[in-house]
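Participant: Chain residues, written in single-letter form:
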Amino acid sequence: MIEIKDLHKSYKMGKNSLHVLKGINFNVEEGELVAIMGSSGSGKSTLLNILGMLDELDEGSYTLDGVAIKNLNETKAAQYRNKFLGFIFQSFNLINYKSAAENVALPLYYQKVARKERQEKALKYLTQVGLKEWAGHLPSELSGGQKQRVAIARAMAAEPKVLLADEPTGALDSKTSYEVMDLIQKINDQGNTILIVTHEPDIADMCKRIVHLKDGVIIEDKKIEQVRASKYV
Amino acid sequence: MGFLFDRNTWQEIFGSISKNRTRTIITIIGVLWGIFIYIALSGAAKGLDNGFDKVFKTVAINSMFVWAQSTSMPYDGFKTGRPLQLKLEDVQTIQNRIPEVQYIAPRITQGNFGSEPVYTVRGQKYGSYVLNGDYPIYTKISTKKIYDGGRFINQEDIEQSRKVIVIGERVEQELYTKDEDPVGTWIRVGSVYFQVIGVHKLAQGVSFDSDTAMFIPFTTYQKLYNSGDNIGYMCIAAYDNVDVVQVEKDIKTLLKNIHRVDPEDERAFGSFNLGEVFSKTMGFADGLTFMSLVVGIATILAGVIGIGNILLISVKERTKELGVRRALGATPAEVRNQIVMESVFLTLIAGILGIILGAGVLALINSFTKDIDFPYTNPTVPIPYVIGALVIMVVLGTLIGLIPAQRAVSIRPIEALREE
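The listed protein sequences correspond, in order, to chains A and B. For the first sequence, full-length UniProt numbering assigns the number 1 to the initial residue and increments by one for each residue that follows. For the second sequence, full-length UniProt numbering assigns the number 1 to the initial residue and increments by one for each residue that follows.
Just so you know, these hints were derived from the structure itself, not from any lab. As the structure is a prediction and not an experimental result, all values here were calculated from the model. We treat Cβ as the ideally placed atom computed from N, Cα and C, and that holds for glycine. Incorrect hints may have been included.
Here are the simulated distance ranges between beta carbons [what the hints assert, rightly or not]:
#1 B:398 x A:117: 27 to 35 Å
#2 A:72 x B:398: 26 to 34 Å
#3 B:305 x A:189: 53 to 61 Å
#4 A:233 x B:11: 49 to 57 Å
#5 B:316 x A:189: 35 to 43 Å
As a list, the in silico PhoX-like pairs of lysine-lysine whose alpha-carbon atoms are at most 20 Å apart [to be verified]:
#6 A:98 x B:19
#7 B:320 x A:98
#8 B:57 x B:370
Extracted from the complex, chain A is given alone in its bound form (with noise of 0.2 Å):
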């Protein structure tokens, strides 16, 4: 699904360039889970950005679901995120003049998806995070947990190939990060792929595969034994 071969990328700081990505390789299959682990400075978050589109690489390729992603102007790279990648975040990021329900379908809607077609997606997948009830409520009115369980619905709408989590359990406790967690491994066992930066083990344990990055580099890439989160449930 994913291929990363040689991936460089440095950051230009006035006079001095910051090397962040030294030489990635780096395969995804359909249907992984994979946990992205390295402390701050390590590069996950800009590997993260660079495989959302949301970033350029320096050197190396990045093909997604076998089209080469390079050189993207700002337009086609809307495309491709809005077809290929559902993205969720650290800080929710739903947009707080909205209920829901249209945050779920805010990704349909640039998909040009009819109005009605939107809003029963929307409430499906809102149903399917367990919040079919709240789906009229505006994110103020929800808790962290339920607002990134609608980021995961929202995440989810598009149907893409790749969902990217970017620290989802950052802004959680531990017992809310284990209920997103719990959805998310659900989400994996129907198929989907996911890739989730994350810096706390437990939350990597949960994956099926931890890639581990230190100073820009892979130093460690290993399958893992899942641990399910509906045990602390």
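Given the coordinates of chain A, assemble chain B onto it according to the supplied hints.
Facilitator: For chain B alone, kept in the frame of chain A given last:
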């Protein structure tokens, strides 16, 4: 441009502006105020314009009076200070020689310009009033509204030197009781009895005659006062599209020629040119209209810039939202369109509200000024002006909206999404 007609686009725009209520209201107030000022000002200017029109409606707009004074220069053997007298044949000469003159009405008068008013008696009641000897053509220059079945002097009155009289509104009030009909009754003017044929109502606006004036046939006046061919002054109306100032000069030159007066003598003949006064007044009204246009457009501009400003701030506020939208697949064009459309939509709503409010205020002013004696009538703004203002607003709204829209697009989604 298909997105313009897509219901979804509008739902998205409407959602965004209706949910950010404070911002929307503040934004709207700016432009609303601008268009309101514009409508109210230009409507008020138009009202004044209409008011002047109404005031001048009762008289021929490019009319003038000419009278004789005395010479101030010696000429052709005559010494200075020779008194001049206008004659009936001067009228004919002017009419023959100056084609720009449409109507010319000679008039002889008693009771104006320092002469004694005429003692008038009816039964036990009496008063002193101005008496004019007139031709029927006078009504072409100054409209006379005659009450209740009466009439003004006609050609037969002139031919037969009838002893008939048209009296003023105040004369009626002073000589008659309320329920009497003056038409057909007789009054004594000086020592001669006249039959009243009409009562003239004082015209609203400019009037050459007061409500104490009385009118008798010119020929009757001649016989009564033995005034021969003398006339007091001439009322002259030029055609609508001629230069009245030039006509006035021509007439005076001709009169100087007839009466053997030095062509340089400025004081031999006096005149009052209503056309000149009128064009000055209208010039003032036009100036006011123009000023209201300038002020109005400047205010609209300020309002639209205000919208741009607030949208610019709101783009900064909404950086994250716009970043999320782009992460979810909004193309830069879609983001730009949304911001521009928000700007245009806000401008338009504000504009329409401002127009309604302005029209309301104008209606209010109209109802207050209806009955007062002030040249102010029917304050309206021509529809093309309103549409023009709306078009200007939409264009400006689009242009101004482009600035925040460009800003919104220039922020890369990754920067927008960066955790604070």
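Participant: Determine for every hint whether it applies to the structure shown.
Facilitator: Now for the hints, and whether the structure bears them out:
no. : hint                      : result
1   : B:398 x A:117: 27 to 35 Å : holds (32 Å)
2   : A:72 x B:398: 26 to 34 Å  : holds (29 Å)
3   : B:305 x A:189: 53 to 61 Å : holds (56 Å)
4   : A:233 x B:11: 49 to 57 Å  : violated (38 Å)
5   : B:316 x A:189: 35 to 43 Å : holds (42 Å)
6   : A:98 x B:19               : holds (8 Å)
7   : B:320 x A:98              : holds (14 Å)
8   : B:57 x B:370              : holds (17 Å)
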